[in-house]
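Engineer: Chains as they are written, first to last, in the working numbering: chain A, 1 to 276; chain B, 1001 to 1178.
Check before you lean on any hint, since a few could be wrong.
In silico DSSO-like pairs for lysine-lysine, Cα to Cα no more than 30 Å straight-line [claimed, not checked]:
no., chain 1, residue 1, chain 2, residue 2
1, B, Lys1044, A, Lys104
2, A, Lys73, B, Lys1075
3, A, Lys104, B, Lys1037
Hint data in this document are derived by calculation from the structure and do not stem from the laboratory.
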Amino acid sequence: MQKELLVTADAQTLAFEVDCHLFQGCGFPAPSAWSFIFDPIFTIGPVEFNKPMLLAIIGTFAILAFFWAGFSKPQVVPGKLQMVAEALYDFVHRGIAKEVIGKKGEPFVPLLVSLFFFVWMLNLWALIPLAQFPVSALIGYPVGLALLVWVIYMTVTFRTNGFVGGIRNLCVPSGLPKPIYVILTPIEFVSNVFVRPFTLAVRLFANMFAGHILILVFTIATWYMLGTVLGTVYATGSFVVTVVLTVFELFIQALQAYVFTVLTATYLSQALEEAH
Amino acid sequence: MLHLAAEEPQSPLLPVWPEILIGLIAFGIVFFVFSKKLLPAINKVLEERREAIEGGIEKADEARIEAESVLEQYKAQLAEARHEAARLRQEALEQGTALKEDLRAEGQRQREEIIAAGHAQIEADRKQAALTLRQDVGKLATDLAGKLVGESLEDHARQSRTIDRFLSELEEKAEAAR
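Turn these sequences into a full structure, and let the hints steer you where they fit.
Structural biologist: See below:
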């Protein structure tokens, strides 16, 4: 076998050559897109069940376990856990639903709350020991959620405004001089119907993908450069960067979950706008 | 775990449908539990809490209003009591004045009575004195006449002396009586 190989990760092992170090005549085993391909743990028919899927499902139950503990037997005078859960809920309820949509956003609160915590959980897996992989860095998960948001967005648009009103809502922003509409109407249509769901999915995917790649680069580099005295000095630097990036990622994960949810709320808010 | 390029695994930049499916199912579970169980539960409690806080405020308001009405009552009662006291004092003053007036009138009356009684007494005394005097004068005159008759009028000079003596006697008597 030649050295140039495609390396994939399974649930347990790392997706790079572990016995290769600096000054040993072998090149840096840089992470690649293939670091995001996992061997299946088991296969059911056509579905190869792999580690990210497992993480997604564990994440689901982690969210539910936390909020179940906080909210299933709620007290008027809250305990500590309930208080934390309430603060998180309030952040989405008041900070996103009320802030972006207003009073009409109340029916969408469960959707927004679920979206925020689900996306955050998928992102958060990147930092949880042994998991250490952001599930949302696999394009399928953001695409699924963005499709769902798109369907709801379209449904709400047409249900609120009727068919003609819905088309108007999607294509004709109000309050502009007439000639502008010649250019703006197709742009608006493409933007609202196609670009929005696409960017919604890709923004989340790309952020998490890039973040994971960054952390992989410096983590692998730390390992790769160990061995000699000089190499260890380099490795220390690389390790510090890894730690800094990890903290940064912690921030990005929450931010991307927030952005995903706020954008969903913005789309819904626009869909709920009455025709002028 | 090593794959040759020939095995051609799925490109990581293209979504695979099992991922979409699993993602949506997982999200669906989260959404279902949140919307059916957890959020209604916590919303109910948040509403209860809001009501409890507002109820507390309402209760405090009620207490304040009651306290104000009680204070109002007390003030009214106090004003009434003051009014009553003033009225009583006024009445007492009037009664006192009337009583003083009465007493004065009574005193006046008694004084006049006493004065009148004094006058009557004096008059009676005077009458009594005049009567006694008249009797005395008569008796004296009789005495004098008797003496004059008894002297047999021998000589004019003696007569004169007798009269003089009599008169001086009278004077002495009067002096003594005085």
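Engineer: Checking one constraint from the list: CA of A:Lys104 to CA of B:Lys1037, max 30 Å. Satisfied?
Structural biologist: 21 Å, holds
Engineer: Would the hint linking B:Lys1044 and A:Lys104 be met if the CA-CA limit is 30 Å?
Structural biologist: Measuring from Cα to Cα gives roughly 19 Å; hence the hint holds.
Engineer: Would you mind confirming whether the straight-line C-alpha gap from A:Lys73 to B:Lys1075 stays at or under 30 Å?
Structural biologist: 52 Å, violated
When held up to the earlier numbered hints, the structure conflicts with hint 2 and nothing else.
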